Amino acid sequence: DAGVIQSPRHEVTEMGQEVTLRCKPISGHNSLFWYRQTMMRGLELLIYFNNNVPIDDSGMPEDRFSAKMPNASFSTLKIQPSEPRDSAVYFCASSSGTSGSPSTDTQYFGPGTRLTVL
Amino acid sequence: AQSVTQLGSHVSVSEGALVLLRCNYSSSVPPYLFWYVQYPNQGLQLLLKYTTGATLVKGINGFEAEFKKSETSFHLTKPSAHMSDAAEYFCAVSSSGTGNQFYFGTGTSLTVIP
Chain A
254 DAGVIQSPRH
264 EVTEMGQEVT
274 LRCKPISGHN
284 SLFWYRQTMM
294 RGLELLIYFN
304 NNVPIDDSGM
314 PEDRFSAKMP
324 NASFSTLKIQ
334 PSEPRDSAVY
344 FCASSSGTSG
354 SPSTDTQYFG
364 PGTRLTVL
Chain B
8 AQSVTQLGSH
18 VSVSEGALVL
28 LRCNYSSSVP
38 PYLFWYVQYP
48 NQGLQLLLKY
58 TTGATLVKGI
68 NGFEAEFKKS
78 ETSFHLTKPS
88 AHMSDAAEYF
98 CAVSSSGTGN
108 QFYFGTGTSL
118 TVIP
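Protein chains in written order, with my numbering: chain A, 254 to 371; chain B, 8 to 121.
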């Protein structure tokens, strides 16, 4: 079975540019999560969706960040404009629990996108 | 509010020795607790989780953890370390209810010495 797929795996961009990260969850999973991992702050939950609907975006750092899930098999995380402090590894995860919350459902993580903003 | 503290950002053990990775949590409501493992250049993989019921939880790869409410701890153990256990380990806490969140610790890097 294919796991969670993320693209690109690596992204290098210049400050001020728009960056779009992509995620394909595991087929049949109804919840999708975006995380950011940095040395300073560790792993942070940015936003999660249940049945394509954003449930909690309180972790999104600021208005420059936006996430969409137009259908059950695709999600994007966009940063516009990007800044050097956005450099991090961004993980997407999906789960099949009925509650659609991070509380108890086992999440399956993608390999991550390493973003570098110069 | 909830939080997780992992004591020791780096732990080294000899192959065959006991692995003990410490995790303490803070939660005002009954917590759900997780351990995840991250191998280099990979995403996180669930090792085990505690939600309700038996406080000793067994996971994959021979790992287990015990929920101790009185000590607010959820330490991860494995009786005998293998070289393949070298990785980053994350403890996480969440809870039920509205506005629930999912908090990871800062991670513990495990080195296994041959």
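Careful: at least some of the hints might be erroneous.
[Claimed, not checked] Chain B stretches covered by chain A per the calculated footprint, using a threshold of three residues with CB under 8 Å from any CB of chain A:
no. : stretch
1   : 45 to 52
2   : 112 to 119
[Said to hold, decoys possible] Calculated lysine to any residue pairs in the SDA-like style (CA-CA distance at most 20 Å, straight line):
no. : chain 1 : residue 1 : chain 2 : residue 2
3   : B       : Lys56     : A       : Ser356
4   : B       : Lys56     : A       : Thr359
5   : B       : Lys76     : A       : Ser356
6   : B       : Lys75     : A       : Gly312
7   : A       : Lys277    : B       : Gln49
8   : A       : Lys277    : B       : Gly66
9   : B       : Lys56     : A       : Glu297
10  : B       : Lys56     : A       : Ser349
11  : A       : Lys331    : A       : Ser356
12  : A       : Lys277    : B       : Lys65
13  : B       : Lys65     : A       : Thr357
It is worth saying that the hints were derived from the structure and are not from the lab. Note that this is a predicted model, so its numbers are computed, not measured. Note that the Cβ used here is the ideal one computed from N, Cα and C, for glycine as well.
Taking the hints in turn, this is what the structure says about them:
| no. | hint | verdict |
| --- | --- | --- |
| 1 | 45 to 52 | holds (count 5) |
| 2 | 112 to 119 | holds (count 3) |
| 3 | B/Lys56 <-> A/Ser356 | holds, 10 Å |
| 4 | B/Lys56 <-> A/Thr359 | holds, 8 Å |
| 5 | B/Lys76 <-> A/Ser356 | holds, 18 Å |
| 6 | B/Lys75 <-> A/Gly312 | violated, 29 Å |
| 7 | A/Lys277 <-> B/Gln49 | holds, 16 Å |
| 8 | A/Lys277 <-> B/Gly66 | violated, 27 Å |
| 9 | B/Lys56 <-> A/Glu297 | holds, 19 Å |
| 10 | B/Lys56 <-> A/Ser349 | holds, 16 Å |
| 11 | A/Lys331 <-> A/Ser356 | violated, 25 Å |
| 12 | A/Lys277 <-> B/Lys65 | violated, 30 Å |
| 13 | B/Lys65 <-> A/Thr357 | holds, 16 Å |
Hint compliance for this structure: hints 6, 8, 11 and 12 are broken, all remaining hints hold.
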